Structures are given as C-alpha cells and as structure tokens.
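Residue numbers (the UniProt record's numbering), protein chains in the order written: chain A, 1 to 674; chain B, 1 to 305; chain C, 1 to 313.
Honestly, the hints are just simulated from the structure, not real lab data.
Note that this is a predicted model, so its numbers are computed, not measured.
Where hints are given, some of them may not hold.
Partial list, derived from the structure: chain A residues whose beta carbon lies under 10 Å from chain B [stated by the list, open to error]: (1) Leu59; (2) Gln93; (3) Leu151; (4) Tyr154; (5) Pro155; (6) Glu157; (7) Leu158; (8) Gly160.
Glycine included, C-beta positions come from ideal geometry on N, C-alpha and C.
So the chains spell out like this:
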Amino acid sequence: MSTASILDIQDLSVEIPTDSATLKAVRGISLDLKRGETLGIVGESGSGKSMIALAIMNLLPPSARRAAASINFDGSDLAHAGERELAMKVRGQRIGMIFQEPMTSLNPVYSIGRQLTETMTLHRKVSRAEAEKRAIYLLEKVGLPDPASRLKQYPHELSGGQRQRVMIAMALMNEPELLIADEPTTALDVTIQAQILYLLQDLQKELGMSMILITHDLGVVSRSADKIAVMYAGDIVETGTAEEVLRNPQHPYTQGLLECVPGYRGDAAHRLGSIPGIVPSMTGTIRGCAFASRCPRVVDACKTEVLPRKQLGPGRTYVCHDPDATRNQSTADLHSAANEVPVELPKTPGEKVLTVDGVSCTFSVRRGLFGKRRSLKALDNVSLDIRKGEVLALVGESGCGKTTLSRTIMGLQQPDAGSVSLGQHEISTLPAWQRARMIQPIFQDPYSSLNPRKTIGDIIGRPLVVNHIGTKPEQLAKVHKMMEHVGLPRRVFNSYPDQLSGGQRQRAAIGRALIMDPEIVICDEPTSALDVSVQAQILNLLLDLRDELDLTYLFVTHDLSVVQHMADRVAVMYLGEIVECGERRQVLTSPKHPYTRALLDSALSISPDLSVPAPGLSGEFPNPMNRPYGCPFHPRCPMAEQQCREEVPRPEIIDTTFVKCWKARTFSHQAKHH
Amino acid sequence: MLNYVLRRGFMALLVALTVSFGTFALFHFATDPAQTIAGEDAPQEMVDDIREQYGFDRPVLVQYGDWLGGVLQGDFGKSYFWKQQVVELIQEHAKVTIVLALSALMVTVVIALPLGISAALKPNSWVDRLALSTAVSAQAIPNFWLGLMLIILFAVTFPIFPVSGDATWKHYVLPSLVLGASSVPAVMRLTRTGLLDVLSSDYIRTARAKGFMGYQLILQQAMRNALLPIVSVLAVQLGHKLGGSVVTESVFSMNGLGRLAVESIFNSDIPTVQSLILIFVLTFVLLTLAADLINAWLDPRIRMG
Amino acid sequence: MMTTRQTLSDASIASVETPPGHDEAGLGLSPTMAALKRARKHHGLKIGFGILLVMAVFALFAPWLAPHDPYMQNLSLRMLPPVWTEGGSWEYLLGTDHLGRDYLSRLIHGARISMTIGLGAASIGAVIGVTLGLIAGYFGGWIDQAVNFLVTCQLAVPSLLLIMALVFVIGQSVTVVIFVIGATHWVFYLVVTRSATLRLRELDFVAAANAMGCSKFQIAVREVLPNLVNQIMVIFTLEVAVAILNEATLSFLGLGIPSPLPSWGLMIAEGKTAMFFQPWLVILPGIALFILVIAINLLGDGVRDVTVTNRRN
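Just chain A, same shape as in the assembly (with noise of 0.2 Å):
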C-alpha cells in the first residue's frame, strides 16, 4: 500500500443559515485519506458526517456555505476550485459518489442505459457503443443479472438492492480514483447490506480505489474500514486505525458509544452503557468540549478551555483533556452496579397468554380503477405462542410478514385463517376496549407515531379516555406516574411531540402503550429509527419495565445483536412463514435453517479483525406476489435439492427447535462438525 495521500482535508467548514440562526454542522475538521485506503466516517445522525461528504465537491444544498483552507485532491485544490472545474474535471471522473437513497437517487423518467452512459459520454470522447459496453461490464461486475438488457430498463423496475447496485456501477464508470459512499446500505436489508459491502469491498481491491465510507453502524465500519474518523458534533474527535479505534478507544465519546453497542461486551451484560443526555445545540459557538455535557469524566476544564488534539501516533489522534482526576470513570462504570445483577433470572417458562393458530393471511392486491387483482399470501399458516413474562423476537427481512403477523395479532387485521387467542378469548370475538387493555403496539418510527397536534401527557392519556378508565384526576396522576416510569420531565406534560428528541418521543409512545397496564406489549422494531446511544437508553427501559411491571413482549426487529441481547425466544420469518423458532442461544448459535444462518452471517458485528464476509445468500428477497414453489426460501438457498423446489417442507422440533425445512437435519449436523 502507497502511503502517499490522495486526499487532505485542512480546516473544513460547512454552516447552513435557517430562518433563526446559523447552524455550524461542521467546525473546522481535518481529514487525510491515503491512496488505496478505505475511511470510515463514523457519527450519530446530525453530527456533519454526510455534510462532510457532499463538501468534497460542493455538492452541498444550495443555502450551505462551505469554507476549508485547501482540500486537496492528489495535486488539485477544490477548495478553491470552481463549478465548472469540478464539475468538468472532478465529480463523477474522479471522485465517484453512492448515496443512501437508492430509491430517490435514481432519475425515474430515464433508462438505466441512458443514466449509465452519459456518465461517460459527458466526461470523455467515446461512442454511445463504448459506454454501453462498460455499462454492461459493470452491471455483470456489480452482480446484476442478464446485465444488457437491464439497460432498457427503468429505476422503478428495479428493487433497492439492485438500484444500489446500478449506483455503484454509475459511479465506476469512469473509473474514479475516489470513490465516496455515504450510508449506502443503511436503506437496504441485512442480507443485501451484506452482498452490497462486499462487493464495495471486492471493487476496492480490484480496482485499487481509495474510499470513503460514511455510517452510522458501528460494525459496519469494522468491518469495511481501514480507518476511522469519529464525529461529535461537527468534530471529528478520533481518528485511527479501525483497530485502534474500536480495540482501544481514547475519546469518552467513542467509549460510550461502543458501550452501547449491543453484543459490544458480549452475551454479559444485562444492561447496555448509555450516554445521557443529546448533542448540544450546533448555532453557536461551543466553548470547551461540546461533549462536557454528556461525559461521565468531565471536569471543570472541559467547559470552558480550548481542547488539545492529541497525537498517539501517526494518523492517531483524539481531542480530549483527559483529565486524570476522573481517569477511571466511564459510562459502562456509571452503571456497574446494574451489571452485577444476575444477568439471567432463573425462569419458569410461564403460561401461554398468547397463541397464534395456523394464520393465513391473503391481500387482493389491485392497480388501479380496472387492474388485475392479484393475491399477496402476507401469512402462511403461522403458528405461534408467547408465554407469560418472556420476550419473543420475530425476526425477519422487510416483506416477510412480521407488520401483518403483529397487525394480525393486536386485531387489526382479519385473518382469512386460523385464530388468535389472548388466554382464553379469541381476539375477533373481543370487543375492542378489551384488547386494547392486553395488547398494546410501540412502533418504529417516533416521529410518525405520535399525534403532532396534541400534547405528551394527552398522547399518554388517550387510551384512558377513549375508555372511560378512571375519573379525571385519577387519569391525570396516572399519567404523571407513567411519565416518571419512562423518565419522561414533568415539565414535557404540555409540550407538542415537536419538542421533543426522538428518545423522548419513543418514551412517550412507550408510556402511551403501558399506561393501560397491557399485558402484552408489541415492540415494532422499536428502536430502528433511532441512533444507537438512544437506541441503548430505550432497550435498558424497555427491559427494566419489563421487570418491575411483569409485562410480555413480542419484539419485531431486523437486528440480530438487539435479539441477542433482548431475547428470550425467536422466531424467523421468510416469505410469511415462521421457518425457525426456538430459545435465544439455540437459535443463535446453532441454527438449523439455513436462512437463519445467513441472516446470522449477515449480522456484522464490531470485529476490526475480520473483513466482510462473502454473503451466503445470492438473489434478493423476492416478490411475495410470486412466492416460489414449494420451499418459499429454495431460489436463495445453498442447500436446495429436488425436494426443496417441490413440495412445501414439513415442519418438524429438532432440539426443542421448530424448524421447517427438508435439509434440517444435515444441516444442523453439518454446522456441528463445521
């Protein structure tokens, strides 16, 4: 590897004036990328690590100011390089670019042809013919299948995964020296997360590009990026080897974020670390450290003195006092205590409070005023139970099902087969105030599930009035009581959603959900839209409330290493059917379907030590509107034989496991003696 750079960043800037005051998303950092590097850019949302990238090459919005002393591109300065040069000479010739939207970054109304080519034509003298050439070459390289005729095709046609791919192949056709990829599989599931890194990381190799690989996902970067350069707050706070960095983390900040990392620590710890508190206001100018707020080691110079970038060695630096005064303290400390409770509570497995009974679930789906109806089986005869006091995760990609399973479950949707039964009852036969007091749903996103034009203690409120529970005042202390088992401010009781950070929001729809005293709560990916150190605040309470109010939760989720450490049972849907399902650590460690395996193998841990893995899983997750013949998971599958692609596989308990798969049995031996 050259050590020579291709890029250095000096004293980079980016402010974006609003209507009230000027945000200063990025404060003067500095950057220095080596030739055949990969650099990881690793922040929460709202840190300036995207701003960073679309700075570059100007391609900020249009209000942004960008000011930086030179950016120094293998000899060029685009710091001070005008549009048409860098348009002329630089973007998408240069410097390639992915973004994170695959959906949106696509032009709809032109062909994937047309998009590819002119990326070529418009930078170098070569006919249409050429270009298709390398546009074909490039598809087949970036795994799309029959890739010439792919070119006639449009956006819409394609699924996120492979829009992701014709992004990536767009942005090599010029052959970049650079190429600049911000979150670009954060909009895609975890098995074409998997395929999509590792193709960037094989093109790398191939083509010796450097790179520059903006994220949130902590074990992406690990996994991706020689380097990495942590952000706070419009700073880059540390930077080192990916090794250094995550093995050794200097920065109070890059601590506590890792902390909360589920599975960081291991299967040990019952809680996770968390940092308290959010990011500081980005208008004005931060004295001191703009993470003295929030740091469990902070001292009375931290607020108020200029910090000192601290060299450990090359291209390993971090900016903090690190005061000595509080050398021992960190955020996982801050809760040790918590950490010596038994991790394991000795259970009995409880009653069952819920079963699900063979449920199907078909949509006739219609375009349009006189189009053809077809039929989308969500649910294919999916049984299930969940038992008193336990915390079952249904896993699974999007499409499979788990929404209408958890529709299906709270009574909002009818099944066209099977039934539902909360002890005793079936669900359709009860009236809907009485579901509503056993069943109460938490959703994904906050920022959708709260009323913006009602206030938090009226959010929290609701159900009680829409039931008639209790006189006035007995519903208000109720409320007041709730808002203090989610850590909620009493002072937030009038305030509107918009008020509020996204962690406080999904306690509000926390408390909203308990405040009925359900019996079981539907976790809908619960903290999916959040960042991670908020993500870590809501799985402590949602597990602390789990203990002090005996509740039963059913956590629909994508991410493995949130089942790890919640789990206490799992289910693993594909294609609207439950294909595994058994305790935590059998599931986890010794799969026996192989979808599970490779969603397992998917699961990309913090582990600088390891690069990504080759995906065990070709194709994409498919249409459930062509399910395929007999084993739904056959097309994908490593292991499918005549059998798979015929009949339908017969569902069997291997180890207290249920599974439903033909090859179960070699494959659970197989992975034993692997």
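Given the coordinates of chain A, assemble chains B and C onto it according to the supplied hints.
Relative to chain A, chains B and C alone:
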C-alpha cells in the same frame, strides 16, 4: 400502454356523459321548455300542445337518450331561441373561441414559463420576488375589470386596438392578453414549485455528482420531470379557455361560444345550452386525456404502471 | 444523509448546560408559538392582515361609517366626479353614480356584500370538500373512487357557466349566490384533505389509536382532522378571494347580486356604459376589489408560510 389509453378514454367518456346528463336533468326539472317555446303569454292549451308535440312529458332519461341518439348522428337539435340548428350555431361561433383560447394560451406560456423557471433557478432573488408579486397581483385583478381597463387605456386613451368585435387579428390582441393573464398565476406557481422540487431531489444531486451542471443539468436531467405537472396544468387551462371564455367575450363583444352560452342561458334555450355543455366537457376531458398520454410518454412509471 | 431538519430538531431542544443524567433541559417553542413568532417577521402576512382589518371594520360598521345612504337617489346630482377632479365636491368624496347615489357609501356597503359572500361561500365549500375528502381519504376503496369521479366531473364543467345556469334557474339573491358559489368550489379542499388524509392514515399514530380502541369516526375527527387545520385554513382564505371575484364577475354579467344592492361587480357593470366619459365609475370599484382580494391572498400565503413546518413525512 394500450390498456392505459383505453382505461383513460373510458373514464373520459363516462365523465362527459354524467355531466351532460346532470345539466339535462337540471334544466328538465327547473324550467318549462314548452312555455319557453310558446312564449310568456301563450295560452295554456298551446303550451300543453307543444309539450306533447316535443315529447317534454316523457321521463327525463328517455328524453336524454333521445337527444343523445341525435347527437351521435350529428343532430344537436334546434335552438328554441334562434330557431336555427344548434350545429350551425356552434359552427358559426366556434372559430372565435378557438382562436382566442389558443392565442391566450400562448400569452400564458410566454409569460408564465420563463418567469416560473427563472424564479425556481434563483429562489429568493429579485426574479423570484418579481414572479411572486406578478402572481399575487394577477390573482387579485378581476378579469373583466382588467379587460375594461385595457379598453380604456389602449382603445380609448391611446387608440391602438379596436374597442370590441372579432373581425381582424387586432381585435384579438387585448382579449388574448386578458384571458391569458388569468392563467399566469397558476401556471407560474406550478412551474416554480415543480422545478424547485425536482432541483432539490436526490436524483439531481446524483446528476451533479456525475458532473452535470448549468443548462445541461436543467435540460438533460431536470426538465423532463418538471414538465409533467406543467403539461397537466396547461391542458386544464386550455380546457377552461375553450369551455367558453364567457367574461372575455362579453367584455369585448366577441361572438364566441361563451357568449352564445350566456345568451342561451338568459333565454332558457335548453338545446343550445345542453349541446354547448356537452361539447365543453368533451373538449375538457379529451384535453386532459391528451395531457395524460403526453405524461405517460414522458414518464415510464405512468406508461408501465 | 443527515438532514437539516433532524439537526434542527435536535439542536433546537439542546442546551450545553444540560446536566448529565437527565435527558434534556429547555424545550423549543410549541407549534402555535413558533408560528406566531414567524408571523411577526412575515411582511406579506402583516400587510394583508392590516388591510383586511381596516376593510372588515368598514364592512362591519358600514351604516355608521358611510357618509350617505347608499340607496338614496338624487337625479340632480348624477355622475358627480370625485373630489380631486374638476367639478367634484367634498360632500361626495368619490362622486355619484348614474342615479346620483353617493359612490363612497356604495363602495363601503359593497365591502359588506363581498365579505359576506366570500366567507359564506368559502365556508360552504369547506364543509363539503373537507367532509368528502376525509371520507374518501380515510375509507378509500370504492368510496374514494366515487368521490374522485365526482371531482373529475366537477372539474370538467365550465364552472362559471354552471354557476350562471344555477343562479338563473333558482333566482337571483345574495343567499343563492353564496350557496351556488360554495357548492361549486369544494374541489380544492377535497383534493388537499384527501391526499393529506391518505398520508396521515398510514402513520403510526393512527395505528396506535386503532389499537387503543378508537372508533373510525373518533380517529377521523380527533386524530386526523386536527392535522389538517392549517392546510384548510390556507385554502379557506384563498377560496374567500376566489368567491369574491366570482361574485363580482357574476354580478358584472347580470346574474349575481340583484340591483340596487351595492355589489362592486354590479357597480362596474352599471358604470360600464359611461366608462369612456366617467372612467372612475369603473376604476374605483375595481380598485376596491383588487385591494380586498390581494389582502386576502397575502394573508393566505402568509399563513401557509408560517404554519408549514418541515416535519418528517
């Protein structure tokens, strides 16, 4: 694609039939055509005779079917008031309205599109503010009053154009301006917001990251997307203008379909009103259908969806 | 990517002084307060509101503020010019019309008619449009398609002709004009309400309301409708302006407010015959209309600007 065209065509037809039947029924129940034909002071027996003779005593659906059957064979009936075939009446008046509508649309396009586009390209600049104040004022000026003001100014004070009538091209200048101005705010605003939306979209950022800039970015990347809503709004506006520019034709005393419609209403001339409304609605639905087809051609999502 | 909005919402509630261990200190402004704060900086809104306030006072207290009886004819004082032209008098500030009625008094009383009709018609349209839009958007399916068909029909009819025909058939009066204009101007409300409802009903707070046992009606009225208020308010102001212009046009064509009521449109029509000699008879009511409508539009645009929050979704 063919499926799409057929579907849209069927909808258009259904709308035209519903509306024309609605108006037919309205007049059927609210006025007495026999009385109209006979005259205000006619004796009751004569009115009854006419009612029977014309078949006005039959159920409304039968009468409508009867009339529609005639229409399909090119017979729109005979005007009670002008005592003339409605087809002839329409032929006599259509030319004025068509010329006026098309020239007014030109005025709209020439003013609104450049203004809207330059406003979108430079938001919050002086062009943007000019465009916005143009829209706000044009929205607030009563159309007929603008016509009168233009007459006072350009026909009386500075006699450049004739006061009224429809004989020469000069007669069309002021009316076209008035009628065209009425659509400027809507078209201008839509062009501006549509283009602004496109320009702030993710795919335009992608195009910039690929190296597109300036007019290439606008023409090769943004224009096609931005055109979609403009095509629709222009079709609607042209449809409204062809659907009887009642006010403009009245102010400038032009013998177009709009004025014919107003006079027919004043004289309870049901066959004429009836036929005009059917023609207006048909024109409108066909125009919007054409716009949909143009948009389907521009946008593969519509074409294939 | 990091959106400005996220940063803003995080930033607006943040405070450097937040003590560790607590989630946050210091809240942002409530939506209403934030809108009011923005309104104070919005020039168009302030101007529009100011003009409207003055005109509303005149309309409300017309009998006391008008110098003369607007219906009193005085044939010996016909077509007096305004005070600033030759032959004008201070007694009749804006001159008199062809029947010798005081023009200023008629203009002041005319504001009453315009505003009554504007508010009345826009309210009727709002009731029809919002109800249909909520129903169509919330229930979807064939109901939605039926409502959509109705919209297509309404849009396809030349609306002025339809209004004229209706007024002609029913008879000319202020009430009829209000109802007819209102009954033909609900599409805008409907389209906006419907699409907003379609969007809102997919949001999780509606699912949460469902799960807590709210009825469909409760959800539509208590959860969805409050989120539409801002948009409906904006459309309402714009529709008031449209209705006022429509009434003026109708009256100008002779199918609106019956004589001798002082409608501005009617005044222009009456002045038209003499407009080559006494142009102010046409100019003055036109200017009154223009100022009223522009003030309403400025207010409407302003309300839209200050209430639109760049919220997610």
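To see whether the hints hold, each was checked on the structure:
For Leu59 of chain A, the interface hint holds, since its Cβ comes within 10 Å of a Cβ in chain B; the closest pair sits about 5 Å apart. At a threshold of 10 Å, the smallest CB-CB gap from Gln93 of chain A to chain B is about 6 Å, leaving the interface hint in force. The closest approach between the C-beta of Leu151 of chain A and any C-beta of chain B is roughly 14 Å, which is over the 10 Å cut-off, so the hint fails. Satisfaction of the interface hint for Tyr154 of chain A is found here, the shortest Cβ-Cβ separation to chain B being roughly 4 Å, below the 10 Å cut-off.
A cut of 10 Å between beta carbons decides the hint on Pro155 of chain A: the least distance to chain B is about 9 Å, and the hint holds. Below 10 Å, beta-carbon pairs count as interface contacts, and Glu157 of chain A has one with chain B at about 7 Å; its hint therefore holds. Taking 10 Å as the C-beta cut-off, the interface hint given for Leu158 of chain A is violated, the closest approach to chain B being about 12 Å. For Gly160 of chain A, the interface hint is violated, the least distance from its beta-carbon to any beta-carbon of chain B being 13 Å, above 10 Å.
In the structure shown, a violation is registered for the earlier hints numbered 3, 7, 8, in ascending order.
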